[in-house]
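Each chain is listed here by its residues.
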Amino acid sequence: MNNVNDRSRNIGPFIPESDDDMIICRCEEISKGEVRKAVHDGMYTVTEIRRYLRCGMGLCQGQTCSKTVKRLVAKECGVSMDTIEPATSRAPMRPVAMMVLGNEIGGE
Amino acid sequence: MKRYDLIIVGAGPSGLSAAIEAAKHGLTVVVFDENHKPGGQLFKQIHKFFGSKEHMAKIRGFNIGEELLKEASAVGVNVKLNATVTGMYGNKEIVVQTENCVEHFKADSIIIATGAAENVVTFDGWTLPGVMGAGAAQTMMNLHGIKPGKRVLMLGSGNVGLVVSFQLLQAGCDVVALVDAAPKIGGYGVHASKIARCGVPFYLSHTILKAEGEKFVTGVVIGEVDDKFNVIKGTEKHFDVDTICLAVGLSPMSQLLKMAGCEMEDNAQKGGQVPIVNEYGETSVEGIFAVGDVSGIEEASSAMIEGRMAGVCAAEYLGYCNKDEMVKRHTKLEDDLESLREGMFAPKNKGKNIELTEEGIPVSKSLLKKGYISEDEVESFPGVTHKKGLHPVIECTQNIPCNPCQDACKFNCIHIGEKLTSLPVVNEKSDCTGCGMCVAACSGQAIFLVNEEYDEENATVTLPYEFLPLPKKLEKGVALDRSGNVVCEAEVVDIRSTKVFDKTNLLTIKVPKNMAMSARFYKNLDTQV
Amino acid sequence: MSENRIAEHPILGIPEKGKKIKFTFDGKEVEGYEGEPVAEALKAAGLMVHRYTKKHHEPRGVFCAIGRCTDCVMVVDGLPNTRTCITPLQEGMTVQTQYGVSTKPE
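Protein chains in written order, with my numbering: chain A, 5 to 112; chain B, 416 to 944; chain C, 25 to 130.
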């Protein structure tokens, strides 16, 4: 198991920073402080943060903020960015209207 | 479900190149692209490309795009536009979203050429309208003829930041500053010099502290950072701007590959999450290839070669050509690619501090810090010589793989040799006829024709000029030095624009003799801001 | 012509445009060229704010210009969340500022 997922690790308390209200996820309007706090709440992976806060789940599907979120998680956990698993990739990767999604050709 | 031999995702430089190569071998190929027009980012690239003839050097990006499209249609490549691939599965099935339906397709082989997305950087006010990606600015001005703003601050000194800054000037915008948190300029020195001599100031070791404005950007505050990137108090500087452009790198758009189960790695040198590929561009899933920026951020020239490599490999994989044929073609392409991956800016040298050129000459410190070579430094380079009469002065001081200047000179004045990255050497024995082919051919706009003794008091300098309005013969203006400072009055002696120069006009100005090695740009104070 | 449009470009020449047409932005008549992205026509007309966000009611405009970031969405012909940077302009289109996900300020 990669050490990022090691829940027993102590990453210290959440210490507020002056720019905590800065927006990180532009679509869902999630702030830097919220992401940082989520890590201290026990969300050590991008996927967990996504489900917890909805950042990266808006219209753009994380196209814009995923790297920034990853960097924040790594920093709070005190690990390098490349050890953090990116969020799961799944279809659809671009916004799609329900009407279009319902009109499926050649699927199972 | 419709099946193809080969499905390619992305009709940019690498995807189209792959499609052409595969179609030539007889595969039925379809290329899906989410955009209205094919070509990816090539049609926004209006500068001349670097490299050698094999890499289509000195041709402007959008012209290369047009060539690729012609070639693709000639070999029967089917490009489906407004078709967004929203998913891919390991059994080589993809989901394509078109205007009103979602359709599934299968192929025996898939090449992913989805390119990259721009990175962002956060600061106070970064979500305000007026803060945009450098690519967004490029899209507005080069595809749609719209100025992104009147007064722009550029963040990022990599090639994207430098090239887009120059394009903003060409579009008639004012670039008030180029800012980078790094202590030295990341992109090619020649790109930096092009904007420095127009008067754009460089603020290295600086970062944006705040974008100002209620509803949209009206100003920006930057500040200096120390070597740990902490802001130094009291160094804040304010600029009135309406636009802030972010050119802070690209990240591969590799989600489709991850979704299909290809083995991935986080590779900072390649820009982020990339698939692990073999020498042919094939991922851990047999028959799925990744080419271009999605497999590691580079540039269009190398992306096109990678595309061709994967195209021929897919052909061999599906039995449309034999192994020997494939290896032969592959080896040739590999050589072309390797020659592009040499020099100071090669992927393998990323992050390294290079202090000497391959020739052993100290790299200009001023160039890395301020964007221009100092007058004493410039004399140490082999392209800078002095003699009676007209002669080229080549201010090319970093080892980059590029040699159009050598091919341009029919009189053997300019020598680079076999090694593409060598600095051009001016042969003092050859006679320069003043044809100007080298000036127009230099993708970095680093060649000037100088006549140090034009008459008793004056010298002339011929420089590349890509702005409007074009200066007129005999008009008077001012000459600027490499840093963009006005150094003297200047008179336009000649302005040449011919088809072979491909929109690079050759402007000859007359300046006092002692300014021959200083004057590097011209402004008409009446017609330009 | 709008001063935000490039009349002639030193490399690209005179921009190729479709037919000049009219559309409405928040009820006002605006001119643009057929087929160019809605966002570009609005930019030429000097518009910066495309929408106000749902949570904090903050202004947003064009950020990526290629349909990725979805920040430039507006209500186009009644349809909210339309990415204006990749939606071709057509004669008579109705374009409205988006507040949250609707046309009404909250």
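Don't read these hints as lab results, they were simulated from the structure. All values derive from a computational prediction rather than experimental measurement. You may find that some hints are simply not true.
Okay, derived cross-link-like pairs now, DSSO-like style, lysine-lysine, Cα gap no bigger than 30 Å in a straight line [what the hints assert, rightly or not]:
no., chain 1, residue 1, chain 2, residue 2
1, C, Lys78, A, Lys41
2, A, Lys36, B, Lys625
3, C, Lys46, B, Lys630
4, B, Lys417, B, Lys738
5, B, Lys452, C, Lys41
6, C, Lys128, B, Lys452
7, B, Lys652, A, Lys36
8, C, Lys79, A, Lys41
9, C, Lys46, B, Lys625
10, B, Lys918, C, Lys79
11, A, Lys41, B, Lys918
12, C, Lys43, B, Lys565
Evaluated hints:
1. Among the hinted pairs, C/Lys78 with A/Lys41 is consistent with the structure: their alpha-carbon atoms are about 22 Å apart, no more than 30 Å.
2. Pair hint A/Lys36 plus B/Lys625 holds up; C-alpha atoms about 16 Å apart against a cutoff of 30 Å.
3. Annotation: proposed proximity of C/Lys46 to B/Lys630 holds, straight-line Cα distance about 26 Å (limit 30 Å).
4. Restraint check: the Cα-Cα separation between B/Lys417 and B/Lys738 comes to about 28 Å, which is no more than 30 Å; the hinted pair holds.
5. With a C-alpha separation of about 15 Å, the suggested pair B/Lys452 and C/Lys41 falls inside the 30 Å cut-off, and the hint holds.
6. With a C-alpha separation of about 34 Å, the suggested pair C/Lys128 and B/Lys452 falls outside the 30 Å cut-off, and the hint is violated.
7. Using a Cα cut-off of 30 Å, the hinted pair B/Lys652 and A/Lys36 holds, with the two alpha carbons roughly 25 Å apart.
8. For a cut-off of 30 Å, the pair hint linking C/Lys79 to A/Lys41 stands: about 19 Å separates their Cα positions.
9. The straight-line distance between the Cα atoms of C/Lys46 and B/Lys625 is roughly 37 Å, outside the 30 Å bound, and the hint therefore fails.
10. At roughly 49 Å between alpha-carbon atoms, B/Lys918 and C/Lys79 are farther apart than 30 Å, so this suggested pair is violated.
11. Between A/Lys41 and B/Lys918, the direct Cα distance comes to roughly 55 Å. Violation of the 30 Å bound is thereby established for this hinted pair.
12. Annotation: proposed proximity of C/Lys43 to B/Lys565 holds, straight-line Cα distance about 26 Å (limit 30 Å).
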